[in-house]
Amino acid sequence: MRVLLTGAAGFIGTAIGQQLVTAGHEVVGVDLMLDSAHGSAVPPDGVHLMDVREAASDEWADLLRGTDVVCHQAALVGAGVRVGDLPAYASHNDLGTTALLAAMHEAGVDRLVLASSMVVYGEGRYTCPDHGAQQPPAREVATLEGGDFENHCPVCDGSLAWALVPEDARLDPRSSYAASKLAQEHYASSWVRQAGAGAVALRYHNVYGPGMPRDTPYSGVAAMFRSSLERGERPQVFEDGGQVRDFVHVDDVARANVLALEQVASEATPRFAAYNVCSGTPITILDVARQVTAGTGRDLEPEVTGGFRPGDVRHVVASPELAASALGFRAGVDPATGLAAFATAPLRT
1056 MRVLLTGAAG FIGTAIGQQL VTAGHEVVGV DLMLDSAHGS AVPPDGVHLM
1106 DVREAASDEW ADLLRGTDVV CHQAALVGAG VRVGDLPAYA SHNDLGTTAL
1156 LAAMHEAGVD RLVLASSMVV YGEGRYTCPD HGAQQPPARE VATLEGGDFE
1206 NHCPVCDGSL AWALVPEDAR LDPRSSYAAS KLAQEHYASS WVRQAGAGAV
1256 ALRYHNVYGP GMPRDTPYSG VAAMFRSSLE RGERPQVFED GGQVRDFVHV
1306 DDVARANVLA LEQVASEATP RFAAYNVCSG TPITILDVAR QVTAGTGRDL
1356 EPEVTGGFRP GDVRHVVASP ELAASALGFR AGVDPATGLA AFATAPLRT
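Adding 1055 to a residue's 1-based position in the sequence shown gives its number in the working numbering.
Please keep in mind that the hints were generated in silico from the structure rather than gathered at the bench. Remember, it's a predicted structure, so these values are computed and weren't measured experimentally. Treat the hints loosely; a few may be bogus.
[Unchecked claim] Distance windows between CB atoms, simulated:
1) Gly1139 - Gln1249: 32 to 40 Å
2) Ala1157 - Thr1399: 42 to 50 Å
3) Asp1203 - Asp1100: 48 to 56 Å
4) Asp1203 - Asp1223: 26 to 34 Å
5) Gly1387 - Ala1320: 51 to 59 Å
6) Pro1142 - Glu1081: 31 to 39 Å
7) Asp1203 - Arg1289: 21 to 29 Å
8) Thr1198 - Asp1100: 48 to 56 Å
9) Ala1078 - Ala1111: 53 to 61 Å
10) Gly1251 - Asp1223: 21 to 29 Å
11) Val1138 - Val1210: 27 to 35 Å
12) Ala1400 - Ala1216: 18 to 26 Å
13) Pro1142 - Arg1248: 26 to 34 Å
Glycine included, every Cβ here is placed at the ideal spot set by N, Cα and C.
Whole structure, please, built from the sequences with the hints as guidance.
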C-alpha cells in the first residue's frame, strides 16, 4: 500500500510514518512545517515541503500519482488564542482539505483517512437523575467568573453527570478550531458521496507523547504542563481542575491510523465512517498535571487558578467501543503510565 501522508513531520505524523514503514507500507511524506508546531526543527529527510492549500499544482499531482490512500494529518491545531486566528483555521484546515480532496479526485485517488478531533462534539454527554439525557447550553461567562464551572440541567438547574460520548452524538463545536475540524468532516463526507470514494475520520482525544511542541499555546495541555515544570514553575490548571478528558498516547493514535488506512484501502464499498480514538480511561485535568509532575520526581502540587477560556467545555469523554468493534482498535498505553513517562520524553524545540 502506498500512502501519501500530510503533516508527516508533526509528532503524530512522524509516529504514523514509522508504524506504516514497519508494517511494510510505502510512505510519501508532505508537510508545510508551521512555526507554531515545528519551531526551528529541520525538515526530516524525504519529507516534501509543500502547502496542501496548493494541492492543484503539478507537484502535488506527481506525488498523488500511484497513491492508494491519503492520510491527512496536516492542520493548524489548538483551541485558538485570539479571534484573529479564525482565518488561519479556515485557510489551513478547511481550504487545505478541500484543495486536497479535489486534487485526489483529479488524480484518481479515492481513499482517505482524516485526522479529526473530539472537539467536534463540543460539550460531552450529560444526564440528569430526574430528567434523563440533557444537552446543556454553553456556560455563561458570568457564571464562570463566579466559580461555578459545572453544567446544570436546563429543566431543573440540578447537577448533571457526564457520560461517555458515542460517535453518533450531536456535533456542536464551541471554538474556531472545533468549527474547522467539523467542516473538514463535512467536506470529506460530501466528497465520499460525490466522488464515490471512501473515508474514515479519526476523532482524536487529547494526544500526548514524544515530539510534541513546547512552550506554545497551540500545543496540548500536557505539553504546557511539562514546559512549566522545565521552567521551574508549578503547572497552572484552569477552572477547578475537575474537567474530565481522555488522554491518548501518540503511539496508540498512530496504530489507529494504520488500522484505518488498511481498512479503508481494502473496502470495496465506498462509505464515510468516524471513530473515537481514545484511551478509554477518563482523567481530570488536575490529575493530568499531577501525573506529569510526578514523572519529574518533584514534590510539587499544581496551581489551580480558577481561570477559564469561554470556548472550553467542561467534560467530554469518548466511548471507545465502536473503534474496538469496527476498527479493531483499543489503546495500549494507560494515561497513568504514559503521562508520567511523558514528563521526561523529548519535546520539539
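### Task
Mind checking the hinted window 21 to 29 Å against the Cβ distance between Asp1203 and Arg1289?
24 Å, holds
#### Entry: Distance restraint hint 32 to 40 Å, applied to the beta-carbon atoms of Gly1139 and Gln1249
33 Å, holds
### Query
Measuring from beta carbon to beta carbon, are Pro1142 and Arg1248 in 26 to 34 Å?
28 Å, holds
### Satisfaction of the hinted span 48 to 56 Å by the C-beta atoms belonging to Asp1203 and Asp1100
Given range 48 to 56 Å: holds, Cβ gap about 53 Å.
### Task
Starting from the hint 48 to 56 Å, judge whether the C-beta atoms of Thr1198 and Asp1100 obey it.
52 Å, holds
### Query
Are Gly1387 and Ala1320 spaced within 51 to 59 Å by their CB atoms?
With a Cβ separation near 23 Å, Gly1387 and Ala1320 fall outside 51 to 59 Å, so the hint is violated.
### Task
Please test the hint of 42 to 50 Å on the beta carbon pair from Ala1157 and Thr1399.
44 Å, holds
### Message
Holds or violated: the 21 to 29 Å window for the beta-carbon distance between Gly1251 and Asp1223?
### Response
24 Å, holds
### Message
Taking 31 to 39 Å as the stated bounds, is the beta-carbon spacing between Pro1142 and Glu1081 within them?
### Response
36 Å, holds
#### Entry: Cβ distance range 18 to 26 Å for Ala1400 and Ala1216, holds or violated
34 Å, violated
### Task
Kindly confirm whether 53 to 61 Å is satisfied by the beta carbon distance between Ala1078 and Ala1111.
At 31 Å between Cβs, range violated.
#### Entry: Cβ separation of Val1138 and Val1210, checked against the hinted range 27 to 35 Å
Holds, since Val1138 and Val1210 (Cβ atoms, about 33 Å apart) stay within the stated range.
Of the numbered hints listed earlier, those contradicted by the structure are 5, 9 and 12.
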